[in-house]
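**Q** Going down the list, the protein sequences come from chains S and H. Counting from 1, position 308 in the first sequence corresponds to residue 308 in our numbering; the numbering is continuous, with no gaps. Counting from 1, position 216 in the second sequence corresponds to residue 216 in our numbering; the numbering is continuous, with no gaps.
Hints are not guaranteed to be accurate.
[Stated by the list, open to error] Distance condition first, Cα-Cα at most 25 Å in a straight line; then the derived DSS-like pairs of lysine-lysine: (1) K180/H - K332/S; (2) K133/S - K293/S; (3) K178/S - K31/S; (4) K45/S - K19/S; (5) K284/H - K365/H; (6) K184/H - K115/S; (7) K31/S - K12/S; (8) K45/S - K12/S; (9) K31/S - K332/S; (10) K115/S - K186/H; (11) K133/S - K186/H; (12) K293/S - K263/S; (13) K314/S - K293/S; (14) K31/S - K19/S; (15) K314/S - K50/H; (16) K12/S - K365/H; (17) K365/H - K19/S; (18) K284/H - K45/S; (19) K184/H - K133/S; (20) K184/H - K45/S; (21) K50/H - K284/H.
The set of hints was computed from the structure by calculation and includes no laboratory data.
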Amino acid sequence: MRFVDEFRDADKAHALAAKIAALCEPGRQYKLMEVCGGHTHTIYKHGLEDYLPESVTLVHGPGCPVCVIPMGRVDDAIHLASQPDVIMTSFGDMMRVPGSGGSFFDANAEGTNIKMVYSPLDSLKLARQNPDKQVVFMAIGFETTAPSTAMTMIRAAAEGLTNFSVFCNHVTIVPAIKAILDSPDLRLDGFLGPGHVSTVIGCRPYEFIARQYGKPVVVAGFEPLDILQSIYMLMLQLSQGRAEVENQYSRVVPWNGNPVALKAIGETMALRPYFEWRGLGFISHSALQVKEKYAAMDAERVFSVPGVRVADPKACQCGEVLKGVLKPWECKVFGTACTPETPIGTCMVSPEGACAAYYNFGRMNRTRVAEATGTARS
Amino acid sequence: MSRSWIDEALAESEQSSEGLAAEGRRQLPLADREQQVLDRIDRARRRRPKVREERVTMSHGAGGKATHTLIEAVFLGAFRNPLLEPLEDAAQLAVGGARIAFTTDSYVVSPLFFPGGDIGDLAVNGTVNDLAVSGARPLYLSAGFILEEGFPVADLQRITGSMKAAAAAAGVHVVTGDTKVVQKGKADGCYINTAGVGVLERDVVLGVAHAQAGDAIVVSGPIGDHGITIMLARGELDIEADITSDTAPLNGLVAGLLGAVPGVRAMRDATRGGVATILNEIAKAADVGVLVHEDDIPVRDEVRGASELLGIDPMYVACEGRLVAVVPGADADRAVAALRAHPLGEQAAVIGHVRAEQPGIVQIKTQFGGTRIVDLLVGDPLPRIC
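Okay, chain H solo, but in the shape it has when bound:
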């Protein structure tokens, strides 16, 4: 394990106290010394990330800090271009005069079948949603299957049946595909990759970097249903709750929102890493502060209960049919009304606001009445959620 970054940090710590005698620093008021450290941390967090591990670990797939580091250091490092660089849910490109959105996603959920859906639903809805929140009308999907030797054909038919129904519900077609089979033990049943294209018909440019102080942050419904459903479906926890995945196509909901509020600044679907991750992406990309109110965040009692028992925060738990939207403050009520007019958005709510203070940091006012930071998640509470 390399220790060089430790030396770097020590050097910076020394440097920051330069010009102040050691005793002088001690005499600085406590709050000022703390602020000095906070500023140093802020600088460290803005540095280009480096992957320090020699091998990929499960944390790299968790959607938190390690995933971001891997994407920025390895993938962006190799493929960097202006279309990729915004790291939005879908790339937006112009082809022969038309503007299209293009995205891809892989699905490795375990178990393959769970209350409220299966890997086939996820594979269609997830890609449809990535296109929808980019402001595109989803049109065509590809589907690639990696199958493990011995996988029951009946299960495969059940999965493709779900995909067919989900595609019909979302109004898209699966138009190309691929199949690979690997030896028993080299994969876990069935993995699916889908890619999708959609057409950008509206003259809107969405992106989390457009968030401005005063904007409102809206979620389209209760959060965390999918993640908790999967965790309980694995049967490892001896907890039972009446809860199902929220997997659903969001293109109808998005169309309603964009129709009512053309000035929407950004949308994201809250999958891996949950709502907390999106809030952090907003704060970082737009260099703004975000303040949300715990009391205003819709969470089902079953999800809250299971989260309390397991010591996890619903803010980090994946959804598969919820979106987070940033809208101008003046449009907040109209946005909520538009979302609530759709069956998938009945419990939509404003959960907080964008502000100029403390750029880069997401804060939450807790139910208890205190405040704390909501950071990107480290580590992996729940692998293979989608």
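Pulled out of the complex, with its shape left as it was, chain S reads as follows:
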């Protein structure tokens, strides 16, 4: 299939694996963080770690939109959905995320009407079809999905719809990366930058990582060869002692981002002073809320939201996993109490979550390909 198979070519992968292995300095360990959950998913789904030398470790980052939603926000959403005449819409990934009293699926079994949609525009369609109902869209995601929420609000305003609102949980990636860089318990050598976020914000926002922290960043695509090539580019920078922002995903990511999308976000949303991230705690200026101008479409203002902070279950170590301090299997409840069917933590829910990816795809003894161990060269 065109545009897919080219990026999954095993011969090219073997060649890249040999080049990566050749760049490893003997005795040195490399820890590279893939920021984005989409990368985590690809890495496990295609068994990409088979191609990496033992000395190169991929650390899974916080860029999984579902994983960073704190329990309290799930409870708030279910509270909104329980209001009379409310239809709530949500991306499928959110449906199984546990709040303190259960997930959206559990809430539906109790009588709420939370519908899965593929796009916020589907919520708008529902609002038009059900003028006697209030349709609330559960907006989640980084800068990747924020523009589509923004465009939907702009269109709803243009159509004069009065029964559509947004429960805004959009977050921004840079403050989270900064929180990880400032975290004392983790030493990283470089970053695979989030490709989809970067289509919107561009590559410039990562320059501080190279300049202030001296770590290389390569903005990476989502096919397995994209990621392998990006790892090679990071290893090359490290071997040459460089720390720069490079763009592997240039076929999609413009260096300066997408001004139209950024304008739509700016029109409808503003930075929150602070927002709670699951496992990471409160991070200032790390999330978006609906602007005053669109207050009539802000579910938090249209309805009352309890906004109660719910502490994560004691056993849950999602925070450490999201920061990359723990590997998924190092969490005490991983795979026993916390499984994809009965998740305790968010990382076990989303297909982009590190725990779910490892549990579903990676729970086995790995054999590295010959090139990765360097034996192919000898």
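Position chain H against the provided structure of chain S, taking the given hints into account.
**A** Below, chain H without anything else, positioned relative to chain S:
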């Protein structure tokens, strides 16, 4: 929500590190610590499942882990007997000297009519196939209808017309039935239940528990056609593709396969949960490992394309006219040739093998050249597929 299982797991986690000082555990090589965790997970997965939800959710109908848990904890818990316990597609019983296979299935597909068929085709073919893959010659079906007040009679006639044609094609008869009507809004148009009996004429005992290391795993054709067709037919996705459901009776295909390879160990028709679910059933029931090769699994380009766009894996997408067979390794080529000799099996292929390593786990060698696990599906990508 009960938290007791969390405490249990924490206790076990503590226990597993007993005898090793906390620091000692830290010093264990990383790979050994990971293996320790993997062993613990393996034990947890072999425990008798418990239903933790207080109410039935859509996941319980998805054919994945939640469905298995519900069946084993609730239904098997209530009805357990030696005939039910293998949880095969049909029960095999002896009545007055004859061996028969008996099965039932309900159909709630939405939409009722879709490219390549309708709920009537499914209701006949699905039950015929459950009998066929049990090694039986399907004979008689029952048909129960639950109709919603206001349902067009013309649609009902169209459905029964399809059932008549499908029954004729499969060589079975609908010999008993039932009709119920519920108030508008209490059902969605038309639901059908069919049960079927067939006669077991061959001296073969099929079952996924018979799979052995060295066996080959064969599929009878491209996978995922039905599921993707239904998803696109709902018109919610703005994707168009030239693809139709693969609904078909498999009894002819099965007869050809059993004739050529009498030593077939097991067959399943790959409906809800797709091929991945069957592979997991094999691995679990026979306590063997399964390794398949992504490159060898036949998938139509249209199905692959739609799956890529939707972020789903064709391995989990339902078929309604495909079977997975486990055959002794030495018979693999003969099995493929026998399947290919039938119009429904033209693209049959060996997709992998049964092995002794990593019992209970299904692994796939990806097109990219890496390896990963193929687990039972969690959650419900696609409700009401059949």
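**Q** Decide, hint by hint, whether the structure agrees.
**A** Going down the list of hints, with the structure as the test:
no.	hint	in the structure
1	K180/H - K332/S	52 Å, violated
2	K133/S - K293/S	23 Å, holds
3	K178/S - K31/S	17 Å, holds
4	K45/S - K19/S	22 Å, holds
5	K284/H - K365/H	19 Å, holds
6	K184/H - K115/S	22 Å, holds
7	K31/S - K12/S	23 Å, holds
8	K45/S - K12/S	18 Å, holds
9	K31/S - K332/S	23 Å, holds
10	K115/S - K186/H	19 Å, holds
11	K133/S - K186/H	21 Å, holds
12	K293/S - K263/S	15 Å, holds
13	K314/S - K293/S	40 Å, violated
14	K31/S - K19/S	17 Å, holds
15	K314/S - K50/H	22 Å, holds
16	K12/S - K365/H	16 Å, holds
17	K365/H - K19/S	22 Å, holds
18	K284/H - K45/S	22 Å, holds
19	K184/H - K133/S	21 Å, holds
20	K184/H - K45/S	45 Å, violated
21	K50/H - K284/H	17 Å, holds
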